[in-house]
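As given, the protein sequences belong to chains A and W, one line each in that order.
Following numbering that gives the first Met the number 0, the numbering of the first sequence begins with 0 at its first residue and continues without gaps.
Following numbering that gives the first Met the number 0, the numbering of the second sequence begins with 0 at its first residue and continues without gaps.
In short, the hints are calculated from the structure, not lab data.
Note that CB positions come from ideal geometry on N, CA and C, so glycine has one too.
Check before you lean on any hint, since a few could be wrong.
[Claimed, not checked] Stretches of chain W that chain A covers, calculated by requiring three or more beta carbons in the stretch to come under 8 Å of a beta carbon on chain A: (1) 191-199; (2) 443-449; (3) 469-480; (4) 492-500; (5) 538-545.
There are 2 protein chains.
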Amino acid sequence: MTNTIAVRIEALREELRRENLFAFIFPTTDPHNSEYTADHWKGREWISGFSGSAGTAVVTLNSAALWTDSRYFIAAAQQLEGSEFQLMRERIAGTPTIAEWLGRECDPGAEVALDGMCSSASTVKELIDDLRKQGGITLRTNFDVLQRIWTNRPAIPTAPIVPQPLEYAGEDVTSKLTRIRQALRQVHTDGMLMASLDDIAWTLNLRGADVHCNPVFVSYLLISTRSSTLFVDEAKLTSAARQQLQQYGISIAPYGGVKEALRHYPDYNILADPDEVSYTLMQAIKTGLAGITQRQGVVVTLASPVPAMKAVKTQAEQRGFRQAMIRDGVALVRFLRWLKPAVAAGGQTEMSIDRHLTALRAEQPLYRGLSFDTIAAYQAHGAIVHYEGTPDTDAPLRPEGLLLLDSGAQYVDGTTDITRTIALGPVTDEQCRIYTLVLKAHIQLQLLRFPDGASGTQLDAIARRPLWHAGLNFLHGTGHGVGAYLNVHEGPHQIRMEYRPAPLHAGMTVTDEPGIYLEGQFGVRIENVLLIQPAMETDFGSFLQFETLTLCPIDTEPLDVSLLTPDELLWLNDYHQLVYDRLAPHLDAPDRDWLRIATQPVS
Amino acid sequence: MTNTIAVRIEALREELRRENLFAFIFPTTDPHNSEYTADHWKGREWISGFSGSAGTAVVTLNSAALWTDSRYFIAAAQQLEGSEFQLMRERIAGTPTIAEWLGRECDPGAEVALDGMCSSASTVKELIDDLRKQGGITLRTNFDVLQRIWTNRPAIPTAPIVPQPLEYAGEDVTSKLTRIRQALRQVHTDGMLMASLDDIAWTLNLRGADVHCNPVFVSYLLISTRSSTLFVDEAKLTSAARQQLQQYGISIAPYGGVKEALRHYPDYNILADPDEVSYTLMQAIKTGLAGITQRQGVVVTLASPVPAMKAVKTQAEQRGFRQAMIRDGVALVRFLRWLKPAVAAGGQTEMSIDRHLTALRAEQPLYRGLSFDTIAAYQAHGAIVHYEGTPDTDAPLRPEGLLLLDSGAQYVDGTTDITRTIALGPVTDEQCRIYTLVLKAHIQLQLLRFPDGASGTQLDAIARRPLWHAGLNFLHGTGHGVGAYLNVHEGPHQIRMEYRPAPLHAGMTVTDEPGIYLEGQFGVRIENVLLIQPAMETDFGSFLQFETLTLCPIDTEPLDVSLLTPDELLWLNDYHQLVYDRLAPHLDAPDRDWLRIATQPVS
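Turn these sequences into a full structure, and let the hints guide you.
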């Protein structure tokens with residue numbers, strides 16, 4: 000691999016010299032600012048060999064470096080070993096920013112490049128400003144070097160696009176477009192360019208399979224006052240999808256035609272979210288409307304209204320989630336009943352149990368795949384927050400200690416995301432203590448009532464409080480939105496320490512997933528998906544509460560019940576009763592008996 | 000009064016017509032962006048008759064309106080009654096902004112004015128932008144209309160300036176200036192213009208008495224690499240103050256000379272905080288440095304580093320706070336012992352008990368005055384968050400129901416701010432329930448441990464949680480910093496729902512003051528001043544906790560003990576033990592006996 004990387008870097012440098020460029024920057028995204036991308040856009044992985052889900056590679060004429068965050072410090076160091084790439088640990092004291100590093104590596108006034116189609120307008124704008132401060136480095140954005148050097152580059156995917164039935168979506172396309180246009184008018188805008196793939200799938204009640212674990216399809220949606228056009232590879236449309244688009248009056252145009260179409264945009268104002276739309280398309284929009292300045296064309300660079308609409312689930316979507324959680328719960332119960340005896344019998348590893356769980360889920364009706372790659376992390380691996388088992392690291396499981404299992408599936412009626420930490424046998428007192436504190440954190444958030452419109456930033460400390468009290472903390476978010484048979488990570492709301500002002504409202508899904516990670520020892524995380532529900536109306540306004548969607552027992556073996564408050568204990572026993580009541584009718588006798596024991600009240 | 004206001008408005012309109020202006024805007028601040036101002040700058044009150052601490056008056060050729068927030072809706076409506084002023088309720092649906100209102104009142108392209116010396120650069124910049132969007136209204140900023148029309152305008156105050164002894168300040172001026180210059184160098188700046196009066200008093204270890212309840216003096220401090228100049232009315236300096244300035248090499252210049260001095264600023268870069276420095280002075284600085292562009296003069300518009308430095312109290316200041324709290328506690332115990340019998344005996348009112356409490360505080364050594372006007376609010380008045388009793392509203396106290404008493408004093412060694420809600424006799428079950436929930440909220444925050452550097456926005460929900468759970472909420476902040484013999488409201492940190500990113504660190508003071516207000520019925524607030532202290536160092540970083548500074552019993556009469564958790568009960572009993580232990584040695588026998596009963600454990 001190292002040799003392959005060296006060859007690729009040399010091919011790149013040849014292009015850099017030809018184009019009189021000093022460096023090329025490879026971020027981890029695509030023309031749609033996706034968190035997870037199709038292989039076609041995995042240029043950062045291709046040039047560096049680093050496969051994590053976040054990071055930026057920069058190659059200059061003389062050097063190479065890769066920036067990534069703490070989740071990937073260990074994995075990146077391993078994958079970059081032997082290559083020219085230097086690992087840059089983000090948010091660690093002394094790590095330069097990309098611009099600072101380029102400022103040291105380049106001559107003043109040098110030109111560097113990235114593909115402006117594959118970075119958001121706001122990211123590129125910030126980078127241009129930062130580079131200017133580094134001795135006036137300039138940025139070229141119209142050069143997709145990968146097209147020249149990436150031989151055998153995977154094609155843009157061509158998975159079929161199918162309708163998402165109205166019985167699961169709960170709102171038809173006309174209604175969604177009407178609401179979007181209303182929201183646009185409120186900010187004095189006639190239309191918008193939608194680039195986010197899950198927003199497009201949601202708006203059009205269509206699903207695809209272009210991105211691993213994300214049922215989306217590569218496309219743009221251009222909405223104006225009178226028309227809507229989907230820019231997509233027409234061959235991917237099943238006849239049902241095509242018929243649905245026709246029914247709702249959506250025009251179809253080639254994916255590659257969006258830039259040209261923006262030049263002929265028929266209205267005066269267009270909204271383009273600079274965190275969503277690529278720099279190149281933003282420039283195209285500005286140029287397009289500049290051609291109609293006699294009509295006072297204006298590009299409104301505001302946040303898209305769609306994520307906040309998509310975040311509030313319809314009644315049908317809420318029903319779907321509850322149904323999907325039953326099927327997911329059945330698969331999990333079968334898995335958990337099997338797990339401990341299988342580990343005791345020997346021969347199981349992190350990857351083997353992952354395969355078994357996936358097989359059990361795949362048996363369930365309406366299953367469409369995983370919603371993300373399973374994290375099955377035994378003991379010390381559990382302390383690596385985004386551990387991804389590989390044949391090299393795959394650990395054999397022994398009947399002792401803690402297994403952290405974070406997994407989820409896509410069903411046509413809902414998306415699941417669950418973490419359980421399971422005692423495979425005897426655990427230490429410290430493991431019990433940490434496990435119980437994490438469970439307290441998890442329960443504290445579930446018990447909360449809060450005012451309609453509060454932000455996740457405001458709620459975050461409620462979960463962390465029992466951990467803080469013991470001098471513990473975790474650096475990831477406490478919760479994220481979950482799509483309805485869409486991406487498992489969904490905005491705009493999040494529950495986390497950093498500032499996320501998006502208001503929480505009834506109908507939103509959000510995970511509750513505190514954790515504690517003791518490096519080299521073990522990790523604990525406990526995660527359910529919650530649905531925000533109205534709690535009460537008082538003179539002080541509307542208050543909200545959480546309904547727990549996830550249905551799966553929480554292991555009581557590693558529990559130190561003495562650390563739970565009466566409220567917390569009550570919640571745990573009530574939750575287990577709910578899990579039993581909902582799942583038992585769908586289980587055969589041995590599974591049901593196992594579940595009865597797993598959910599019996601503790602005190 | 001109404002007639003007086005009409006006369007003043009007419010005088011103003013005459014000037015508007017003469018200057019070809021459409022309207023004049025009167026905000027509530029001064030050239031130092033003070034929260035509370037000297038009478039000289041109370042132009043908004045003079046023109047409108049509204050005396051609250053926040054609000055903006057706007058008078059056009061044909062109309063007049065006053066914007067204020069929910070704290071003052073009732074008081075403002077009363078004070079504006081019979082005048083031309085229309086009350087604009089801020090943050091209520093349908094209330095226009097000042098710019099929107101002017102957009103409707105003015106012809107397009109009209110010119111309006113405010114005194115650019117009396118609004119911060121950021122406020123004026125925002126207003127200019129907002130007005131431009133309203134049909135291109137322009138803003139004139141170089142016209143202090145009050146100098147022409149306000150006959151008998153109070154002079155700029157001339158209270159004597161005295162040194163704050165090092166035994167209380169704990170850090171000398173050289174050390175503070177060195178640290179300020181270090182902070183400035185970190186943002187590549189040579190000096191700064193300090194306009195905030197409490198920042199100047201803190202930096203120079205001086206105190207004045209120019210502003211009611213705030214021991215500050217009207218001045219500017221200009222710091223450059225090699226020199227520091229205090230712009231102040233020299234006659235106000237006592238010889239001790241003058242000597243201290245000389246000792247630390249601080250030059251003295253006339254208050255009015257700051258604008259001219261900025262033209263001759265000797266260094267290349269100057270920091271001017273746009274939220275602190277007035278628009279007019281910011282323009283003067285920019286013009287000044289523009290004259291030296293051959294030297295690349297730059298105005299760095301960043302937040303001042305001083306508030307964050309001042310917020311962390313020295314060991315001497317922390318000692319001083321503890322001492323001042325003992326004396327304040329002694330006065331409060333004497334007051335509380337007197338209160339209930341006095342009310343039962345009859346003849347007491349909100350204002351009479353305020354006078355008595357103030358007299359008891361004034362007997363204490365090192366007393367220098369109140370830190371804010373006492374809020375003594377009986378029953379329904381307690382639901383008016385910023386109630387200020389007047390002879391018209393002054394309510395007689397009866398031996399029943401709840402008295403909300405929010406008060407504080409300035410001592411040379413510390414500033415106090417305390418709220419107690421007191422049962423003057425029998426209370427209702429609902430009063431007990433609300434009182435206990437507010438106490439729970441208060442205690443929950445005090446019990447918290449949290450990571451060093453967390454923001455007040457993150458911690459706020461910890462206090463609100465028990466209230467939210469019952470469908471209750473309050474709209475003010477949960478806590479603010481408190482100065483060391485300085486302003487009772489001090490930044491940069493706050494604990495509140497809105498986003499306040501300033502990190503919390505050990506050594507900072509902060510209040511803990513949740514409340515609940517039932518309109519027309521009663522209000523409850525319970526407030527202590529806390530000091531942030533280190534709690535522990537772990538693998539997960541530094542954790543902080545609160546030390547309670549305020550020493551005064553919390554009334555247990557209106558308490559429903561059954562609503563408290565064991566932790567909360569333990570805190571309350573421990574706190575009362577602390578109050579007794581600290582205050583008893585300073586009390587005579589009758590007060591001590593009363594305190595023993597007031598602090599006896601509940602269960």
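Out of the numbered hints, which ones does the structure contradict?
Result: hint 1 breaks, nothing else.
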